Amino acid sequence: MIEEIASGPAAIPAAKRGSSIGAQILALAWRAADFRIGLAVLAFLILASLLGPSVLGLSATKMDVANRFAPPIFLEGGTWKHILGTDQLGRDLLIRSLIGLRNALLIGTISTIGMFILGSTIGLVAGYFGKTVDLVLMRITDAQMAIPVIILAITILGVSRPNPVTIILVLVLAGWPAYARVVRSVTMSERRKEYVRASTILGASSIRVMLQQIAPNILPPVAFVALLDVARMMIFEAIFGFIGIGIQPPTPTFGTIIADGTKYLLNAWWITTIPGLLLALCLCSINLMGGALERARNTLLRGQ
Amino acid sequence: MFALNFLLRRIVQGIVIIGLVTLLIFTLLRVVPGDPVRIMLGPMVAPSVMEQVATELGLRDPIPVQFGRYMLQVMKGDLGHSFIRNAQGGSTGGSRGGETFDLQNRAKVSELIANTIPYSILLAALAILFTVLISFPLGFVAGVYSGKWPDRLSLYVSSVLVSLPNVWLGIVLILLLSAWGGILPAIGYNGPSYAILPALVLAIELAPVMIRSIAVSVANSLQENYVSVGEVRGIKRRRMITHHVLRNASIPLLNLFGIQVIGMLLGSLFVVEYIFNYPGVGLLMINAVFQRDFPIIQAIAMLSSAVLVCVNILVDLAATNIDRRLQY
Amino acid sequence: MQTNRSVLNVSQLSVDIEGRERRRILNEISFTLEADTVLGIIGQSGSGKTVLSRALVNWLRPPLRISGGSILFKGVDLATVNETAMQQLRGREIAYIGSDPANALDPTLPIGRQIAEKLMSVENDLARDAADRRVLQMLDAVRIPSSRQRFHEFPFQFSGGMMQRVMIVDALITNPAFLVADNITQPLDVTIAAQILRLLKELQRDFRTSTVFVSSALGVVAEIADRVIVLAHGEVVEQQGMHGLLDRPTHEYTRRLISEMPKIWGEEPLPTAVETPASETVLSVRDVSKTYSERDRNRFFVWNHIQAVRGVSFDVFRGENLGIIGESGCGKSTLSRLLGRVEAPDTGQIEFLGKDIAHMGRRQLLGLRKKFQLLLQDPFNAIPPHLTIGRTIAEPLYIQGGTSSVEVEKRVRATMIEVGLQEDLYDLLPVGLSAGQRQRVNIARAMVLDPELLILDETLSALDQVEQAKLIELFGDIQKRRGITYIYISHDLSLVRRVCNRIAVMYLGRVVELASNTDIFFNPQHPYTRALLSAVPAIEERRYLPETYLMEGEPPSPINIPAGCSFRSRCPLPIEICASVDPKLSATPSDGYAACHLITPIAQSTINS
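Heads up: the protein sequence lines correspond to chains A, B and C, in order. The first sequence lines up with residues 1 to 304 when you count with the numbering used here. The second sequence lines up with residues 305 to 632 when you count with the numbering used here. The third sequence lines up with residues 633 to 1241 when you count with the numbering used here.
Source of the hints: derived by calculation from the structure; they are not laboratory data. Please read all numbers here as calculations on a predicted model, not as lab measurements. Glycine is no exception: its CB is placed at the ideal position from the N, C-alpha and C atoms. Hints are not guaranteed to be accurate.
[Unchecked claim] Taking lysine to any residue and the SDA-like style, the derived pairs with C-alpha atoms no more than 20 Å apart in a straight line are: (1) K193(A) to L1095(C); (2) K452(B) to K193(A); (3) K1002(C) to T299(A); (4) K263(A) to G486(B); (5) K540(B) to D757(C); (6) K540(B) to Q720(C); (7) K131(A) to A976(C); (8) K540(B) to T806(C); (9) K540(B) to E755(C); (10) K540(B) to R724(C); (11) K452(B) to R693(C).
[Said to hold, decoys possible] Non-contacting residues of chain B with respect to chain C, defined by C-beta distances greater than 12 Å in every case (computed): (12) N309; (13) L324; (14) M354; (15) K380; (16) A418; (17) A483; (18) N559.
[As the list claims (entries may be wrong)] Short, incomplete list of chain C residues facing chain B, as computed with Cβ under 10 Å: (19) E653; (20) R686; (21) V689; (22) A717; (23) Q720; (24) R724; (25) A727; (26) G730; (27) L741; (28) Q746; (29) E749; (30) K750; (31) D802.
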């Protein structure tokens, strides 16, 4: 009785009758101010990283030895020409940061999508079939999880020649097990639900049950929270760059900008700190959105 | 009986996992381009000599043969010798080594690890301590006042902390606290105080995960029926939280700690040691990667997966002790 | 203690739910609880009875709030008392038992320790071992077997009935003046619920605890209450002595409540069920068994074998309604999964229209699936939440293939009309449908293929009496129109009494009795059938008394089934042979079958042979 009152349709205000679970999560997350703020900041940063370089008309790789260590605009000696200043080779830091941001976003997004697809497929299969299939797949997952991402990455990337494709492959390889685990456990509980059993009773094939009945119900909530992993992967991209196993110079990445700046930390501290701040801002906007989506998902799943 | 059965099964599983991890790293090292002999001997050496050394080292045998030989050696307790570093410490640049390459002159991997691991343990322990100090109060309060302002606050604090890339944060802290502030030493190791700053960077990276998880599991535990029933049974809420809610909330937390937090800590330890030039296992590993020093890479990868596996077993054993349902 | 002294005085009690708009849940409730008596509160779901029972112990949580009136207990108004003072009363003077014993205690600690914890926090100066001793005494008093060992066991190791006994211990150990029992038998099986009720009655007499007993089942309240309050839509509609209420109900609502109470012996079954069915066999089940294996975590390389179904045989004839009844754990759900071929049996044959489907592959089965369908229990989870209602009902047609999409839509719409669903639901998602509508979607999905046999696994259990009656009527209509055959699998005796021609009674994976509807209810042969009948909550005169037929104890575990007759441990009339020889299902004098040594074997023929 109390439960009826407390968790009736009124308790989930955003749940529109007749909309899919994905739409419900989005609608509920949209009500949170931090989601909208995060989205606005992220949209601005994405636009800036796409349009900025051509609007400003500067090159990210052109050296200008006369203008080395130019300070950013808000410090004494800063000019509008180089708003965030220049690095040890006189390259404009704003342009380098924006291009670095674009590369980071691309790598983060593509690798997250990749690990989501790979992990979900394996998790769905393991959770649906159970028994030996599950046992084998889960042991592989365990083994994969027993290697910290960084160790796997530095081993592969450090020994071979890193390029964007290998970086993405390494991240996918390191990141899929988490998805496999989550998707497996929700698949297992979903498989026991009566609507899935009902479908089996009607004679539906395994593939049909998995793709048509289970996947549309369980994957959207997982997919939204994957947004948080885009930020995580961008951090990894920066770490790789810092160690020297990321995208190779002269293409700018946050990691190499930060690493370059450390040598001049005392006389040109902005080389490291300000581009890093831009990256942190971008990550924060993604994390705010991801956090809001996660809360929305938890509210909805609890309400069901 | 249960504990013994459980331990045996988990140890066997663990050994299989460590074996798989080692095989994976072993294979990857030999499949991806980059020949260690070139770095060992330097660029001036004739290809015939390189081939001879490579053959002597067994690097031209099929991978399964090499792996079998390596595992046999490991089982005897021998992790092998470094390709690059000599027994006196420090690495010999290949150019000096010339044609008289003798593995016995090189440092034993086990000694290299034994020399560096105390530093890493100090750093890791300090990092865990800081993480607990930051995340427990924040997470607990957020969980008890779920949905109210402490929860919001902890959410935003962790959203910001999780957005700070450790490579950048490390440099910024060096600049602020060490270079400008002069409060804490950084770079290298010259006493335990050198571990504080890197440990802080690690803690800031781990704390958000812990804060959110503690908040969620305390909040979920509080939602359990027995908590509110406890009140009507005559047990005070404070006692309910200290004796029952925390106990129940610790189970998902232990799991998270065993799988995620320790994994993150191990990975980030390597990066942070590199940033701070801190002489631990991570720095040894990263340098070994650049020098294609296979025996060191293999040993450290094996070691870190062994640490993860052991922590996992301990955590699971603890969890089954707290909640007997997990035994069934 | 004096008689006729009141313990609790409730006057003008109102409870509101606060929110964007305030809504009244309870309106000006007034009653008095006399010392040493049981006051029954009867109300259907939504009547506010759980809110009332929580309000009585000042245990309402926002958004619910007491908005007026008083609850006087020993001179203290519980409606306005502060939390600290209430804390002093709860657990000590006032006790509460709820309907969810499985989740009432911390799952990670032994039950004995938790009851002792409560006792010690209520009685401050009690030593640990003294508390433990008192807990043990009480565990014995509620007849929990091997109490010394069970003291150290965890909540999940207890069955629902045993756990409810534990909660009774927890409530009564402080000898409270006043107890609220909120729907305590609701989740339990009938025989277990009857045991608990009997126990509570005895304890109430011994401890002289004034009790408020809340339930939605009139039959249960009638067992125990001295006086009764009828609650409807948050208001008291009638209040009088128990006997008076049954004999001379004054309010219209009460009269309807009593008339809607299903009668087992006092009413004839529905006419559809009694028409003589044709003798053509539709489904023939022969010696079907299913065992599940589960690793024993405490021993190496040992697997426990859970014998869910043990050699079940029966026939189903065209046009009849066969009932399969039993309590939880009797194997009826496993049997339904075997009959619906969700799973394959380990041994035995299931012949459907002359073909053995027991081990057929999915593709071979697909064609036959048009002709038999299984309807599941839970109307809320049986429908995929992400597909439109029309699409859901069309699913079997798509799986079977070969129907054009125009034809599919035509057939789906026709079926929707036949089962009483509005056609404009076709393009909507199932969110917001009522339980009855959902169950109709379910039925439509099964009917769209025009099956000959429909297996209903607790299909009507989740619905209220009114909706249940409507669907029974619908099933009857469809049967008349299409000549369909039904198997009703249920725990609800009154339901199978109303609709079935023949009934099989299951216990621990076996059919222990199979006979005509009349014989099962008027002349049952197996002692378990009689125990079941004695335990049904009813307001009519019982043919079989619990004092005679309902023993203490619970069914043995399906992992270690003892030799001999599996009902022996709870049988009122065990004889020597029962301990060693497992009785076979044999013909009874009245043309049925029963598995009991007490029945003189007329012929050695069993339907197994």
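Here's how the hints hold up against the structure:
1. K193(A) to L1095(C): Judged against 20 Å, a Cα distance of about 19 Å means the pair holds.
2. K452(B) to K193(A): violated, 34 Å
3. K1002(C) to T299(A): Violated: K1002(C) and T299(A) sit about 40 Å apart, past 20 Å.
4. K263(A) to G486(B): holds, 18 Å
5. K540(B) to D757(C): Distance of about 16 Å is within 20 Å: holds.
6. K540(B) to Q720(C): holds, 10 Å
7. K131(A) to A976(C): Satisfied, since the Cα-Cα distance of roughly 16 Å is no more than 20 Å.
8. K540(B) to T806(C): holds, 16 Å
9. K540(B) to E755(C): Between K540(B) and E755(C) the Cα gap is close to 13 Å, so the pair holds against 20 Å.
10. K540(B) to R724(C): Satisfied, since the Cα-Cα distance of roughly 13 Å is no more than 20 Å.
11. K452(B) to R693(C): holds, 17 Å
12. N309: violated, 6 Å
13. L324: holds, 23 Å
14. M354: holds, 53 Å
15. K380: holds, 30 Å
16. A418: holds, 37 Å
17. A483: Non-interface label stands for A483(B): nearest chain C Cβ at 50 Å, farther than 12 Å.
18. N559: Fine: 14 Å to the nearest Cβ keeps N559(B) off the interface.
19. E653: Violated. Min distance 22 Å.
20. R686: Holds - the Cβ of R686(C) comes within 10 Å of chain B, reaching about 8 Å at its closest.
21. V689: Constraint on V689(C) satisfied, holds at 6 Å.
22. A717: With Cβ-Cβ at 13 Å, over 10 Å, it is violated.
23. Q720: holds, 9 Å
24. R724: Hint on R724(C): holds, closest Cβ of chain B at ~6 Å, below 10 Å.
25. A727: holds, 8 Å
26. G730: Cβ of G730(C) sits 7 Å from chain B, so the hint holds.
27. L741: This hint holds: L741(C) lies near chain B, its Cβ roughly 7 Å from the closest one there, short of 10 Å.
28. Q746: It holds, given that the least Cβ distance between Q746(C) and chain B is near 9 Å, below 10 Å.
29. E749: holds, 7 Å
30. K750: At about 5 Å, which falls below the 10 Å cut-off, the nearest Cβ of chain B leaves the hint on K750(C) intact, so it holds.
31. D802: holds, 6 Å
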